[in-house]
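Asker: Just so we're aligned, residue 18 is where the sequence shown starts under my numbering, counting upward by one.
Read the hints as simulated data drawn from the structure, not as lab findings. Careful, some of the hints might be misleading.
Simulated restraints, written as ranges between beta carbons of each label pair [as the list claims (entries may be wrong)]:
#	residue 1	residue 2	range
1	Pro-253	Gly-74	22 to 30 Å
2	Asp-310	Thr-43	41 to 49 Å
3	Pro-77	Pro-232	46 to 54 Å
4	Ala-198	Ala-268	20 to 28 Å
5	Asn-94	Thr-65	21 to 29 Å
Yeah, the Cβ is synthetic: ideal placement off N, Cα and C, and Gly gets one too.
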Amino acid sequence: MTTTLALAAGMAFGARAQAAQPALVTPAWLQTHLHAPGLVVLEIYDSTAQAPDFAAGHVPGAVFTGFINDGWRATVNNVPAMLPPPADIAKVIGGFGIGPHSQVVLVTGGTARGDFTATTRVFWSLRMSGVADVAILNGGEVAWAASGAPVATGAPVAPRPVAFTPHLSPGLDVTLADVAADLTSHQAVLVDARPPAQFEGRAVSPVVKAPGTLPGALNLPAAALETIDGEGLLPPARLQAALAKAGVPAAKPAITFCNTGILGSLDWFVLREVLGNPHVALYDGSMAEWTADPARPVVAGKSAF
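Given these sequences and hints, build the entire structure.
Answerer: Structure representation (structure tokens):
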């Protein structure tokens, strides 16, 4: 699927999914809908080792997941941290009690600094797999507790697994070939979500084989869109200001990326789900896949941040 076709195909699906519920919800919204039939609240921590943090306080009825350990990503065709094959991601999603018609709310867990990018990555994975009704609680567990909403305690309880069959959604991702084609066509803006040091080639992730970024890419660091505590997003006006600083058009087709598709998922979420641009896709393989072949071009970027 070419970049143009992929992004166009995603327009209709994006509109359908966004109509079901807002992509970013408040504690008040979640408290109102907390006992809705079919609702699954999934609290996301970096690893399963943080189960004691979940036990110390969580949204009532929430399910616990450790992002690193619970199978949300896999090595595919020698590329690390990709969306797992359909049969594998089906077991992960169904294992958390999420069915094709579930309404899912994701919560960045814990009262220490959270990892909102893991939450946006799970959001993208669910949407990619055909779960349409997905939202994120802005501010995570911290905002939930601060709102005065009820907080439950106790160790994670294994959810009842359900059968889940993935139906991959077009338009939400692009391939290496799509990105290579865009370097010539320039039909989509390439948006690098990594820190400026990596964008400019002054630092390199261990999974990336060459310093720098994709030719022509713009730098919109994920950290420039997050709240200081890493639990949620900045207000819309500040998100728009960050886009303007980066030079990223709010409505033009875009491809977001990073090292392995985590930070890029946050930029994807902001551009597509929060600011409403249906022409945005994530390059899952990102720089880890792109730099595996030294013949592919990489340049030193110049960040506005």
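Asker: Evaluate each hint against the coordinates.
Answerer: Against the structure, the hints:
1. Pro-253 - Gly-74: 22 to 30 Å: holds (29 Å)
2. Asp-310 - Thr-43: 41 to 49 Å: About 45 Å separates the Cβ atoms of Asp-310 and Thr-43, which means 41 to 49 Å holds.
3. Pro-77 - Pro-232: 46 to 54 Å: Cβ of Pro-77 to Cβ of Pro-232: about 49 Å, so the range 46 to 54 Å holds.
4. Ala-198 - Ala-268: 20 to 28 Å: The hinted range 20 to 28 Å holds for Ala-198 and Ala-268, with Cβ atoms some 21 Å apart.
5. Asn-94 - Thr-65: 21 to 29 Å: holds (27 Å)
The structure shown violates none of the earlier numbered hints.
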